[in-house]
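Chains as they are written, first to last, in my numbering: chain A, 3 to 129; chain B, 3 to 129; chain C, 3 to 129.
Calculated from the structure, these hints are not laboratory results. If you're wondering where the values come from, they're calculated on a predicted model, not measured in any experiment. One thing to keep in mind: the hints can contain errors.
Note that identical chains are pooled: a pair holds if it fits in a single copy or bridges any two copies.
[Stated by the list, open to error] Pairs of lysine-lysine residues, derived as DSS-like cross-links and limited to a Cα-Cα distance of at most 25 angstroms, are as follows:
1. K115 / K103
2. K85 / K115
3. K103 / K85
4. K85 / K21
5. K103 / K21
6. K103 / K14
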Amino acid sequence: MPLVRISLTTSKPESHKRKVSEAVHRALVETISIPAQDRFQVITEHSPADFIYDPEYMNIHRTNDLVIIQITLSAGRTLEVRKSLYRRIAELLNQEAGLRKEDVFINLVETAKENWSFGNGEAQYAT
Amino acid sequence: MPLVRISLTTSKPESHKRKVSEAVHRALVETISIPAQDRFQVITEHSPADFIYDPEYMNIHRTNDLVIIQITLSAGRTLEVRKSLYRRIAELLNQEAGLRKEDVFINLVETAKENWSFGNGEAQYAT
Amino acid sequence: MPLVRISLTTSKPESHKRKVSEAVHRALVETISIPAQDRFQVITEHSPADFIYDPEYMNIHRTNDLVIIQITLSAGRTLEVRKSLYRRIAELLNQEAGLRKEDVFINLVETAKENWSFGNGEAQYAT
Chain A
3 MPLVRISLTT SKPESHKRKV SEAVHRALVE TISIPAQDRF QVITEHSPAD FIYDPEYMNI
63 HRTNDLVIIQ ITLSAGRTLE VRKSLYRRIA ELLNQEAGLR KEDVFINLVE TAKENWSFGN
123 GEAQYAT
Chain B
3 MPLVRISLTT SKPESHKRKV SEAVHRALVE TISIPAQDRF QVITEHSPAD FIYDPEYMNI
63 HRTNDLVIIQ ITLSAGRTLE VRKSLYRRIA ELLNQEAGLR KEDVFINLVE TAKENWSFGN
123 GEAQYAT
Chain C
3 MPLVRISLTT SKPESHKRKV SEAVHRALVE TISIPAQDRF QVITEHSPAD FIYDPEYMNI
63 HRTNDLVIIQ ITLSAGRTLE VRKSLYRRIA ELLNQEAGLR KEDVFINLVE TAKENWSFGN
123 GEAQYAT
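With the rest of the complex left out, here is chain A (with noise of 0.2 angstroms):
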């Protein structure tokens, strides 16, 4: 269920948006208690002048590195869930990605549980 959007800027390599994907996808599944198959994630990579970020807003100092995540999700995660969810992702993209945790921009966009369909026309998760 969570649409994951990853956005950064080129000329990462391939193994380090695999870390990327894998390490954001693990948190869901630790955090969120989401199945470890329902995983379904978009990257895209933007060029310098396209990818455009503060690097010192809340005295956090961003890099070229950033990494920014938006996850659109069912809603009804308690605040504690989602908390913790930042910082599980954070924590694995630093010890499996490398990357700084200043370098982590995180936005959920929630949903009713009805607005997803999985393949075949259906609503999966409607009761």
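Let chain A serve as the given structure and place chains B and C on it in line with the hints.
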């Protein structure tokens, strides 16, 4: 009003993308009653490494033909209408673009009707 | 906090994109009172075949200069504030980037203020 983001993997001919675009739009017009002219879509092609999906989640068998469709639209459609939208998108993508229905992933993001400006800096749907 | 996705068609010089980026950001700062440093934008260029818009919907005449701006931001802005945002984006894109106001399409996606992490795995806006 719907803003449709269509993501797929590279190496699809332009004619395929045109059919996908038209099928999704026609399904929207037929099921959620938008005007035929209300068509705004962006398509993004991703390399296989940048387009990550589970090939089996929910026992649905997905291939590299998978299309991920994220539709931002005004809130307020009933569950029945949303279900008919999913069904019709999958049907038309199958009929018109030759896609397997299992290769159709859909997510809706709902917003307030005042959250759109179609040009001129005005909020055309605000009352 | 706003995460701004700007989509346009290819073959625009970098200087044009910089002006678009700056105009949108300045409008956000002026109308919804975000800090000047709170700037996070990704720009995506699409081939004409991948950038689909109706050239007449609502009697607004759009050209290939169209810019589609999707802004994810925390909920809570009044309708008046949102209207002033649309107006100011269109004005500044016209003045600073030479765009016709009809070529400015805007959509807002609102999220909870706890749905952001600006780095370090923390939810900086959660109270």
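Evaluated hints:
In this homomeric assembly, K115 and K103 come within 25 angstroms of each other (Cα to Cα) only across copies, at 20 angstroms, whereas the closest approach inside a single copy is 30 angstroms. Taking the shortest Cα distances, K85 and K115 sit within 25 angstroms of each other both inside one copy (21 angstroms) and across copies (12 angstroms). Taking identical chains as interchangeable, the C-alpha atoms of K103 and K85 lie at most 25 angstroms apart only when both belong to the same chain, with a minimum of 14 angstroms there against 36 angstroms between chains. Only within a single protomer do K85 and K21 lie at most 25 angstroms apart by alpha-carbon distance; the minimum there is 22 angstroms, versus 36 angstroms between protomers.
In the homo-oligomer, the alpha carbons of K103 and K21 lie at most 25 angstroms apart inside one protomer (15 angstroms), although the nearest pairing across protomers, at 30 angstroms, exceeds that limit. With identical chains, the CA atoms of K103 and K14 are at most 25 angstroms apart within one copy only, with a shortest distance of 17 angstroms there and 34 angstroms across copies.
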